[in-house]
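Colleague: So the chains spell out like this:
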Amino acid sequence: MRKVSRLSRFNVASLALGLAFLYLPILILVIYSFNASRLVTVWGGWSLRWYHEFFNDRAMIEAAWMSFRVAVSSATIATLLGTLAAVALSRGERFRGRTLFSGMLYAPLVMPEVITGLSLLLLFVALNAERGFWTVTIAHTTLTMCFVAVVVQSRLGSLDRSLEEAAMDLGCDPVRAFLSVTLPLIAPAIVAGWMLAFTLSLDDLVIASFTTGPGSATLPIRIYSEVRLGVKPEINAICTLVIALIAVVIVIASLASKLSSSQGESAAPL
Amino acid sequence: MTDELPRTGAAADAAGGDALPAAGQPLLRIEGVAKTFGTFRAVDGVSLDIKAGEFLALLGPSGCGKTTLLRMLAGFEAPDEGRILLGDKDIAQALPHERPINMMFQNYALFPHLSVRDNIAFGLKRAGMARADIAARVAEMVALVKLEGLEKRRPDQLSGGQRQRVALARALARRPQLLLLDEPLAALDKKLRENTQGELMELQRRLGMTFIVVTHDQEEAMTMASRIGVMNAGRLAQVASPRELYEAPRSRWIAEFVGDVNVFDGETRLRDGHRLVIGTRDAGTLVVAEPREPVGAGKFSIAIRPEKIKLSRRAPVSEVGRETTINIIDGVIADICYLGGTTTYKVKLDTGGIVRASVANSARLDVDAYSVGQQIVAWFTPDDCVVLPS
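Chains as they are written, first to last, in full-length UniProt numbering: chain B, 1 to 270; chain F, 1 to 390.
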């Protein structure tokens with residue numbers, strides 16, 4: 001496979017069009033974030049003015065910090081629960097209600113976010129829970145846990161069961177066998193799952209706006225409410241930073257998944 | 001059937017091991033073990049004694065329960081019925097890590113995140129061995145399977161044959177009382193497989209260990225094992241030495257499963273001393289030697305291995321009723337299959353039946369070879385026939 005097949009002119013054109021369709025808006029946003037002009041649509045030369053503005057905007061920084069904390073904690077909890085669920089589903093093959101359990105686990109994948117958000121809001125109101133950091137974290141955990149479970153389960157599915165049996169044969173009890181053989185082998189998938197959960201939480205607007213309370217807006221909520229009053233060039237700067245962060249996370253996640261596949265037979269899909 | 005055939009049990013292996021239990025006492029005793037998956041009875045009441053120091057092969061078609069039986073010995077499946085006695089202890093319900101038994105997996109199951117050295121040391125660390133002892137044992141194992149210089153490699157940097165050696169070393173490192181091998185050579189190519197067979201036998205003899213190998217390859221079982229247990233549909237059909245299994249199969253199914261065979265169905269006509277005269281539809285009247293356990297009158301199957309059938313242009317001298325009685329059938333060569341070392345001729349009998357005869361190609365320039373359509377005589381002695389219940 002040394003020789004890469006040459007693309008025909010048609011392929012090049014369609015590829016360029018497709019990529020332009022996907023990334024041109026983002027590229028324009030990134031360029032305009034360095035705009036010196038106060039008007040969003042008029043180019044006034046290069047400047048870091050709006051980045052400066054953002055870093056002096058208390059409310060915006062607080063929202064970003066809130067989003068970051070929610071993303072880290074919900075991703076961590078979701079990874080823990082999602083991994084346990086994946087292990088239960090792919091290793092505990094014979095327990096009763098397995099199909100029901102896996103169906104219920106994966107339901108949030110296809111559930112409209114509005115419904116998830118609304119039902120969680122009703123739950124928190126019924127429980128009389130004070131809405132803020134923890135309610136958003138819990139809501140994001142329910143959203144992202146299934147994604148982690150999918151990634152980890154596919155890795156576990158491709159992992160040869162006889163590896164665990166070999167560990168047991170060589171003197172490990174089942175828990176020990178899991179910790180010393182299975183866990184190191186699925187670790188890349190767990191990392192990838194965490195990253196996925198982190199980015200999903202970071203850019204979620206719908207569920208967060210249902211479950212958050214006054215004074216604890218996440219970054220997407222804050223941006224959304226600012227934009228309704230008119231787009232400030234500062235928003236472009238914030239979005240560029242978010243894009244950069246997510247890009248880094250996605251690159252790390254796909255590297256982890258690639259590492260995972262080079263150690264085993266097949267990759268976790270990402 | 002001749003008398004010099006070793007009989008089951010009589011040729012008890014004298015191979016000595018350190019952990020040998022009292023003389024005559026089996027190392028492992030399987031008693032009426034059964035396992036059901038859903039409604040499928042994978043293993044259906046198997047009883048078998050395994051002697052210390054023997055090399056036993058479990059042979060059978062896929063789905064016959066041989067792997068399930070092996071997995072029950074390793075502890076990955078718990079039998080629904082029966083006992084597995086190791087010494088005096090019933091280990092049927094013990095977990096894998098509680099048994100002094102190790103297994104070599106079919107796909108080797110090497111830990112991909114560990115080096116060769118760490119793979120071999122894995123079980124030793126779990127056993128709580130001292131660091132220096134582990135290093136010494138690993139070095140010993142590496143030398144035993146001739147993997148010197150590869151200690152730091154990962155499994156994916158090894159060839160198939162090398163992986164197989166690592167798997168073997170890892171399973172042997174804990175010095176188990178019993179080593180289970182699940183299709184140990186199935187993933188190797190033919191030449192490597194033949195060499196490795198020899199090495200496994202040599203290793204087993206040198207270590208005086210007890211090996212149980214599961215295989216679907218009868219040649220492999222015949223080559224390596226001192227005893228073969230043939231399994232069919234969850235049951236042990238016959239446990240015997242390779243020679244007895246081939247020359248004195250206990251049923252038609254075994255005769256057809258192990259090697260190639262011609263089978264004629266017939267009925268006893270006459271008993272003449274220790275000869276039986278049996279009338280068959282396809283091969284006319286045959287004179288056969290009476291089996292070891294005398295049989296009454298009735299329907300039988302006569303099994304003859306293709307290499308026991310001789311072909312010639314003219315019939316040999318034969319006198320009915322004498323010791324020199326020979327079964328002679330006339331036919332025409334219908335098909336020739338040249339296999340290198342041997343040639344298999346398909347002979348169409350005048351009665352319509354087909355007989356396969358395998359002839360060794362003992363000379364390079366075969367002036368005597370028969371051609372298709374040639375009239376021929378196929379003959380065999382009464383001792384070459386095995387009488388089997390229909």
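Simulated from the structure, these hints should not be mistaken for laboratory data.
By construction, the Cβ of each residue, glycine as well, lies at the ideal position given by its N, Cα and C atoms.
Treat the hints with care, since some could be wrong.
Far from chain F, by Cβ distances over 10 Å, these chain B residues were calculated [what the hints assert, rightly or not]:
{"no.": "1", "residue": "Phe10"}
{"no.": "2", "residue": "His52"}
{"no.": "3", "residue": "Glu53"}
{"no.": "4", "residue": "Glu113"}
{"no.": "5", "residue": "Leu122"}
{"no.": "6", "residue": "Phe124"}
{"no.": "7", "residue": "Thr142"}
{"no.": "8", "residue": "Gly171"}
{"no.": "9", "residue": "Cys172"}
{"no.": "10", "residue": "Asp203"}
{"no.": "11", "residue": "Val251"}
{"no.": "12", "residue": "Ile252"}
Rough simulated footprint, nothing fancy, chain B against chain F, three-plus residues with beta-carbon under 8 Å [stated by the list, open to error]:
{"no.": "13", "region": "118-131"}
{"no.": "14", "region": "241-253"}
Colleague: Next, verify each hint and record whether it holds.
Modeller: Quick rundown of the hints versus the structure:
no.: 1; hint: Phe10; in the structure: 40 Å, holds
no.: 2; hint: His52; in the structure: 47 Å, holds
no.: 3; hint: Glu53; in the structure: 49 Å, holds
no.: 4; hint: Glu113; in the structure: 38 Å, holds
no.: 5; hint: Leu122; in the structure: 43 Å, holds
no.: 6; hint: Phe124; in the structure: 43 Å, holds
no.: 7; hint: Thr142; in the structure: 32 Å, holds
no.: 8; hint: Gly171; in the structure: 3 Å, violated
no.: 9; hint: Cys172; in the structure: 6 Å, violated
no.: 10; hint: Asp203; in the structure: 34 Å, holds
no.: 11; hint: Val251; in the structure: 23 Å, holds
no.: 12; hint: Ile252; in the structure: 20 Å, holds
no.: 13; hint: 118-131; in the structure: holds (count 4)
no.: 14; hint: 241-253; in the structure: violated (count 0)
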